[in-house]
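Whenever a hint applies, use it, and build me the whole structure from the sequences.
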Amino acid sequence: MAQTQLIILMTSAALIIIGFYSAIFVDNIIKKIIGISFIEEGVNLFIVAIGYKAGGIVPILMPDMNTTWFASNAAYPLPFGLVLTSIVIGASTLAVMLALVMVIYKKYGTLSTKVMLADTSKQEEYNE
Amino acid sequence: MNELIPLMVIVPLMAALLISAFSRFNTVTKIFALVVAICLPIIPLASNYGLHYFGGYEPILDNVTNAVYHPAITYSFTFLQQVFIAMVGLLTFLVVFIYLTKYRKVSGPYLFLLFLGTAAVTAMLLTDDIFHMFVFFEILALAQVGIVAASSINYSYEMALKYMILGSIGSPMMLLGIGFLLAMTGTVNVTDIAAAVHNGLINVTSPVFLMSLALIFFGWLYASGLPPFHTIKSGIYSKAEPHGAALLQSFTVISMISIVLIMFRIYSTLPIFEVLIVFFSILAMILGVSMALTQTDFRRMIGFLAVGELGFIGLGIGLGTQFSITAGLFQALNEIMITALLFIGFGAIVNATNEVDTRKLGGLLAYHPKVSLMLLIGGLAMAGVPPLSGFQSKLMLVQASLSCGFPEISILAIMVSIATFVVFVKTYYSMFLKPKPNDLEVENKEVPRAMIFAMGILLIIIILLGIFPDIVINGISNFVGGIL
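Top to bottom, those sequences are chains A and B.
Just so we're aligned: the first sequence equals residues 1 to 128 in this note's numbering.
Just so we're aligned: the second sequence equals residues 1001 to 1484 in this note's numbering.
There may be inaccurate statements among the hints.
[To be verified] Straight line, CA to CA, 30 Å or less: simulated DSS-like cross-link-like pairs of lysine-lysine:
1. A/Lys31 to A/Lys114
2. B/Lys1434 to B/Lys1360
3. B/Lys1436 to B/Lys1360
4. B/Lys1436 to B/Lys1426
5. B/Lys1102 to A/Lys107
6. B/Lys1360 to A/Lys107
7. A/Lys31 to A/Lys106
8. A/Lys107 to B/Lys1105
9. B/Lys1370 to B/Lys1360
10. A/Lys53 to A/Lys107
11. B/Lys1105 to A/Lys106
Hints in this document: simulated from the structure, not taken from any laboratory.
In structure tokens:
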């Protein structure tokens, strides 16, 4: 395994661990969401690292290239395609989460998860 | 007509976008939504079985290794997909019908979410590509959150946000698992991955492979609301509008079986895989039904019962024989219909009384005899009383666990069924049979006809499948034989 790839993998692991810490232990909802983004980006970075090839070229086949040479030298393009999709999904999830936080913040006036997401099962009423 | 296979996803997806874009034209939106909803169950019934390769990229045969590779995203359409997609299509039609008749001015974004969710589960069932499945799994999570947040019930935003936060931890874990599989095999096509595993190209005892199982399994637990996610799952059911909850639970069941079937094809060589599924399923059965027993809000009660029923599905699949998996999938089909019936029926009661606490309800049999009768049959079907469909699938599950050499599991399954019966009868008594409390006002005595119609349709299917289970069992059994 190339050293660069190892560094990328370590970084992604660090991002995921920091993200988990923040998502589980931090009370502020915005910081929690930042932690969740860290997890998502860490996973994306991991998948990008899978496609890494030491000394590889960009996986675009030009007309003057020999296909056999291209196949043995190009980086693996599938993970990059997947990550692109994953980033889009992550962005939309983030947008929806922040929108929900905005609505709930207006109601409670605080960003503390303990207050916002307290057990609601005991104080329910239907309100159509 | 294999061209219809991608249309099963494209039609609801395009309809969702168009409805959202042109929702200010109220009448046009209503008519268009109804037409699309009618088409949804018809398309899978009209389509032939087969495969669809996106972009037209057919599988490639490697002459050196004699292996086949699938470069395109592949949709595979068999009897199983047909039954489930037709069923979720029918349910979407009923829910959209109830929604359209309930409100004079309809909300485009809400219809968008209903169709988006349907498109997502359809794609999850059809796809043979694990990353494609993940993408629609995420889209489904967004649609579910939207359906919950759009309801007018108190604390629905909070519940939606909780579900979203848990989901945002669960789904990257699943993606990480998919990344591990990609790193080991170089592909995301399930057939190719399964071939690599079964041909010994991958060391199945390697930590990376086991880790990928653990991560995808975690994502599956979240998607299907099995423990430790059972409380949040029943929570979102109780915070959605009743007809929305009917659809949400069908989304849960279908995402559960589509992910577990993919996992089964990849990981079935690992003995621990089946043990894990059986363990969590039994946990779901016990926790679901025992937590349902303590609920006073009947929406949460059905939510927990639905989680308990999910345990039965998992149990069938976890036992791993052709008969047990068939039983599990048949149970999934029954659960979709029975739970939808219960949610819609109890929704009618909410509509009439504006009350969800069973302690404050009573004497409703005199006001709503039709609904109460239908709910009674639905509840008996869920508890597994003959000759209803729930009985057939639970009997098959008990037989399957006996024939696998686990009499204790079959005893447990019977006990959980009895407990389900007790929970249902307790709730039914306190809502319909006990004397009406003096302070209960039954405001809106008329139950919407659309709800009665939807319940009637579901009830007919439940009774029909109870008397003639072979209509679906043979086809499902052939499908299961194919993947084993």
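Tested hints:
Distance restraint check for A/Lys31 and A/Lys114: the Cα-Cα separation of roughly 14 Å lies within the 30 Å cut-off, and the hinted pair is therefore satisfied. Only pairs whose Cα atoms come within 30 Å are accepted, and B/Lys1434 paired with B/Lys1360 is accepted, the gap being roughly 11 Å. This hinted pair checks out: B/Lys1436 and B/Lys1360 have alpha carbons roughly 9 Å apart, not beyond 30 Å. Restraint check for B/Lys1436 and B/Lys1426: satisfied, since their Cα atoms lie roughly 15 Å apart, inside the 30 Å limit.
At most 30 Å may separate the alpha-carbon atoms for a hinted pair to count; B/Lys1102 and A/Lys107 meet this at roughly 28 Å. About 29 Å separates the Cα atoms of B/Lys1360 and A/Lys107, which keeps this hinted pair within 30 Å; it holds. At roughly 18 Å between alpha-carbon atoms, A/Lys31 and A/Lys106 fall within 30 Å of each other, so this suggested pair holds. At most 30 Å may separate the alpha-carbon atoms for a hinted pair to count; A/Lys107 and B/Lys1105 meet this at roughly 27 Å.
Among the hinted pairs, B/Lys1370 with B/Lys1360 is consistent with the structure: their alpha-carbon atoms are about 21 Å apart, no more than 30 Å. Distance restraint check for A/Lys53 and A/Lys107: the Cα-Cα separation of roughly 51 Å exceeds the 30 Å cut-off, and the hinted pair is therefore not satisfied. For a cut-off of 30 Å, the pair hint linking B/Lys1105 to A/Lys106 stands: about 27 Å separates their Cα positions.
The structure is inconsistent with hint 10 alone, although it conforms to all the rest.
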